[in-house]
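Here the structure of chain A is known, so what remains is to put chains B and C in place on it, guided by the hints.
Going down the list, the protein sequences come from chains A, B and C. The numbering of the first sequence is my numbering, which starts it at 159 and goes up by one. The numbering of the second sequence is my numbering, which starts it at 362 and goes up by one. The numbering of the third sequence is my numbering, which starts it at 1087 and goes up by one.
Rather than coming from a laboratory, the hints here were simulated on the basis of the structure. Everything numeric in this text was worked out from a predicted model, so none of it was measured. Hints may be right or wrong, so weigh each one.
[Claimed, not checked] Chain C side only, calculated, beta carbon under 7 angstroms to chain B, not exhaustive:
{"id": "1", "residue": "1087"}
{"id": "2", "residue": "1115"}
{"id": "3", "residue": "1130"}
{"id": "4", "residue": "1133"}
{"id": "5", "residue": "1190"}
{"id": "6", "residue": "1206"}
{"id": "7", "residue": "1208"}
{"id": "8", "residue": "1215"}
{"id": "9", "residue": "1231"}
{"id": "10", "residue": "1241"}
{"id": "11", "residue": "1242"}
{"id": "12", "residue": "1246"}
[Stated by the list, open to error] The following residues of chain B were derived to be distant from chain C, with all beta-carbon distances above 10 angstroms:
{"id": "13", "residue": "425"}
{"id": "14", "residue": "456"}
{"id": "15", "residue": "457"}
{"id": "16", "residue": "458"}
{"id": "17", "residue": "459"}
{"id": "18", "residue": "460"}
Don't be surprised by glycine CBs; every beta carbon is placed ideally from N, CA and C.
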Amino acid sequence: MTAELVIGAIKALVIVMLVLGLTTLMLWFERKGAALIQDRIGANRADIFGIGKRFGLPNFGIINTVLADPIKMFTKEDFVPDGADRFLHALAPFLALFPVLITFAVAPMGDILQVGSHTIDLQPANLNVGALYVLATIGIGVYGIALGGWASNNRWAMLGGIRASAQMISYEIAMSLAIIAVVVCYGTLDLQEMCRSQGGVWFGFLPRWGILLQPVSFVILLIAGMAESKRVPFDLPEGESELVAGYFTEYSGGKQAVFMMTDFAEVLLVSVLIVTFFFGGWQVPWLARDGFHFPGGTHLGLPNLVVALFEFVAFWVKVVIFCLFQILIRWTLPRFRYDQLMRLGWKGLVPLGLINLVVTAFVVVVAGG
Amino acid sequence: MTPISYYMALSAILFAIGVTGVLVRRNVIVMFLSIELMLNAVNLALVALGRRIGSMDGQVIVFFVMTVAAAEAAVGLAIILSMFRNRDTVNADELNLLHW
Amino acid sequence: MPIGIFAFLAALALIGAFGVILQSNPVHCVLALALVLMDLGVIFMGLGAVTVGFLQIVVYVGAIMVLFLFIIFLLNIQADPGAGLHLGLKLFGSIAAAAMAAEFAVIVVRTPKISQIRTLPVDFGTVAALARSLFTDYLVAFEVTSVLLLAAIVGAIALARRFAPPLMLVVPDPSRSTLATPPPDAPNAERKSA
Chain A
159 MTAELVIGAI KALVIVMLVL GLTTLMLWFE RKGAALIQDR IGANRADIFG
209 IGKRFGLPNF GIINTVLADP IKMFTKEDFV PDGADRFLHA LAPFLALFPV
259 LITFAVAPMG DILQVGSHTI DLQPANLNVG ALYVLATIGI GVYGIALGGW
309 ASNNRWAMLG GIRASAQMIS YEIAMSLAII AVVVCYGTLD LQEMCRSQGG
359 VWFGFLPRWG ILLQPVSFVI LLIAGMAESK RVPFDLPEGE SELVAGYFTE
409 YSGGKQAVFM MTDFAEVLLV SVLIVTFFFG GWQVPWLARD GFHFPGGTHL
459 GLPNLVVALF EFVAFWVKVV IFCLFQILIR WTLPRFRYDQ LMRLGWKGLV
509 PLGLINLVVT AFVVVVAGG
Chain B
362 MTPISYYMAL SAILFAIGVT GVLVRRNVIV MFLSIELMLN AVNLALVALG
412 RRIGSMDGQV IVFFVMTVAA AEAAVGLAII LSMFRNRDTV NADELNLLHW
Chain C
1087 MPIGIFAFLA ALALIGAFGV ILQSNPVHCV LALALVLMDL GVIFMGLGAV
1137 TVGFLQIVVY VGAIMVLFLF IIFLLNIQAD PGAGLHLGLK LFGSIAAAAM
1187 AAEFAVIVVR TPKISQIRTL PVDFGTVAAL ARSLFTDYLV AFEVTSVLLL
1237 AAIVGAIALA RRFAPPLMLV VPDPSRSTLA TPPPDAPNAE RKSA
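So that you can see chain A by itself, here it is in the shape it has in the complex (with noise of 0.2 angstroms):
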């Protein structure tokens, strides 16, 4: 029983500290990344006694975004705009975070782990409805939106918030109808199951990946995730040139850090959820529990946790690339109208889901006899 808890426990650390790195890393990647694509240099100013110099390596920037920033963030002055709601005007980050936060404890990050005796599910908490809970905290992450608009006592804040959170909820329902076929295709909400029922061939060479089941929902998702994340192309409630900063005008400092973790750890999160439901998870082609096989018919026995440790990083590798392919697209379009997003969300994306879903359905009561 004790054991149970600790290993929960581990696991649960683990994949905190693996989060809130990676949205610290995204942070980096965001920047030096916009850099690259605008053909432009990027912050390389700030160092520690010149180290880097004395190296003769050019400044990366990491000690810029990664030290300095937050540091500057987290001692800025904290204010709340007067006549604004305290109690709310300080809970709205947090109920922003939160949820997206929580989420991650749904990711299968690998297969299971013997040591010694116990067989561990790579997984930090086994629930058999995870889609529905990943669906329910998506759901939960519009309060902090709203209430950071209507908290700041500032009518173009509240307008950000409004249309931030109508566009949350609209964009959850395409969300929703893309994770629900991807549930009737493999017939389980559990997402360590999805990710079990990836591994195998076809045709004796093609990995049975989810996006050549669901391409349709792949599409749908990727859309839908972003434009649910509010990153460009769907960031009109943050746009500069039309609401200041729209929701979190009136938050500086640690509030606004932590509004802008949101945005990176819900980059995080859209990239796990494509991972998992279309390209397989922890799966590595041709990797099964006890080694390689290839499909020239050749076996390459490993120890288990060789295999694990595999499959941990194929799963990490897959998700910074998921999340680097957002970041591109941010810096490569532009921004989408707020009519056009709305009728992209309504006209477009949910009639697409619902097709898609019936076409699932039948395709599967079909086949599946």
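Chains B and C in isolation, oriented as in the chain A frame:
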């Protein structure tokens, strides 16, 4: 293991608090929130009793109650919206056109 | 569910419920009710109804309470100023509700107890069991509920619509214009024939 009567007691107290809210508050939206509280107290009673007799019927009925409550909330809030547009108030005392 | 956890969740639910009826700012009331609903969702999960518990969070906390928040934002409803009015109503209302709660207590205590079924079916509370019930025993109710939702959507939109001002259907008459020079129609005629 908590006895089911504790869940029923919690449900009854939540229902009574909801009734108090409807009777005492004059803001139409808060009255509506108290009605939702009453509906959820009943949901709790249904799930607890369904667990007690080991049947899924309790949960199915709760599913329907949730759906109907969602539909009712949408229509009720639309009514409140039109009332506000006509009378510019959400105080139940001032919505008294049918009063003698 | 162990009694300690139930006590904690019940206390949280009661605090939230009192917050709903006692707070003056409607936004605080909505948040208190959202707290109660999440709490009830967790209690449902503790009672074995995992699907219904998560559905409670998705539907009630994630959608209905957000709808309430939107309406409050849209109508810009401020905090209730009349906190000290209607004391008679508040007193008698509280007494009536307390009497009703006492009546419920008597009913709950005096009902003959049936023994609780200890061995539940293996898939109690799962999505599969709920779906099986919904699509076999309660199919008619399910279909009627979907029609009800459609009716609710149409009704809510019809009630909350704002009508655009009517378009101008009167074509201006050039012979009654008040311009100093008559409108040039020779260039227009050339353009039309081209």
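Flag every earlier hint the structure violates by its number, smallest first. Those not satisfied are hints 7 and 13.
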